[in-house]
Every structure is written in C-alpha cells, then in structure tokens.
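Asks: So the sequence shown is numbered by this note's numbering: it starts at 1 and just counts up by one.
Quick caveat, the hints were computed from the structure, so don't treat them as lab data. For clarity, every value in this text was computed on a predicted model and none was experimentally measured. Any given hint might turn out to be false.
[To be verified] Lysine-lysine pairs mimicking DSBU-like chemistry, simulated, CA-CA at most 35 Å apart:
#1 LYS33 to LYS45
#2 LYS33 to LYS14
#3 LYS18 to LYS33
#4 LYS18 to LYS45
[What the hints assert, rightly or not] DEER-style ranges, computed between Cβ atoms:
#5 LYS45 to MET73: 30 to 36 Å
#6 ALA17 to THR40: 35 to 41 Å
#7 ILE53 to GLU19: 36 to 42 Å
Yeah, the Cβ is synthetic: ideal placement off N, Cα and C, and Gly gets one too.
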Amino acid sequence: MSEEIKNEEQEDSKLTAKEAFNLGPVLGYFFRKKDPSRPTNFNIKAMHTVNKISIIMFLIAVIVIVSRAIGRM
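Input sequences plus hints: build the corresponding full structure.
Replies: Here it is in structure tokens:
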C-alpha cells in the first residue's frame with residue numbers, strides 16, 4: 001500500500017522542462033518593488049547586491065558553457 005503511494009508521489013513530483021527553465025522567480029528577484037514592511041540596513045542591501053552579482057555571473061557562465069558545447073558540435 002505505501003509503495004503505491006510513493007510511486008504516485010514520485011510520478012507527480014517529476015520536473016518538466018517548462019518548470020526547470022522557469023526564470024520568473026529569478027527575474028522577480030531583480031525587478032521587484034521595494035517592500036516598506038521589510039527592514040532595510042546596510043547588511044541586507046550588501047547581501048542582496050552580492051546575491052544579484054552571483055546570479056548574473058552564474059547565468060553568464062551557463063551561457064558560455066552552452067555556447068562552447070554548441071560550437072564544438
């Protein structure tokens with residue numbers, strides 16, 4: 001009985017290509033409005049700046065790797 005439930009949960013939790021390449025949350029992180037209820041201090045601003053820089057560097061690296069892979073074909 002429990003194996004059937006586990007199999008059903010695994011089938012339901014498979015990630016589709018559309019979900020895997022969904023950039024909505026990433027773009028939402030960059031272009032969100034300022035929330036007045038959130039605290040703002042230097043540490044939080046610095047943390048978000050570093051996070052944005054690291055996301056940009058990661059996306060550039062992925063683009064370079066994919067373009068090199070396509071170029072070698």
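Asks: Are the hints correct? Go through all of them and say.
Replies: Taking the hints in turn, this is what the structure says about them:
1. LYS33 to LYS45: holds, 14 Å
2. LYS33 to LYS14: With a Cα-Cα distance of about 32 Å, the restraint between LYS33 and LYS14 holds, given a limit of 35 Å.
3. LYS18 to LYS33: At roughly 26 Å apart (the allowed maximum being 35 Å), LYS33 and LYS18 satisfy the hint.
4. LYS18 to LYS45: At roughly 32 Å apart (the allowed maximum being 35 Å), LYS45 and LYS18 satisfy the hint.
5. LYS45 to MET73: 30 to 36 Å: violated, 43 Å
6. ALA17 to THR40: 35 to 41 Å: At roughly 38 Å between Cβ atoms, THR40 and ALA17 fall inside 35 to 41 Å, so the hint holds.
7. ILE53 to GLU19: 36 to 42 Å: violated, 26 Å
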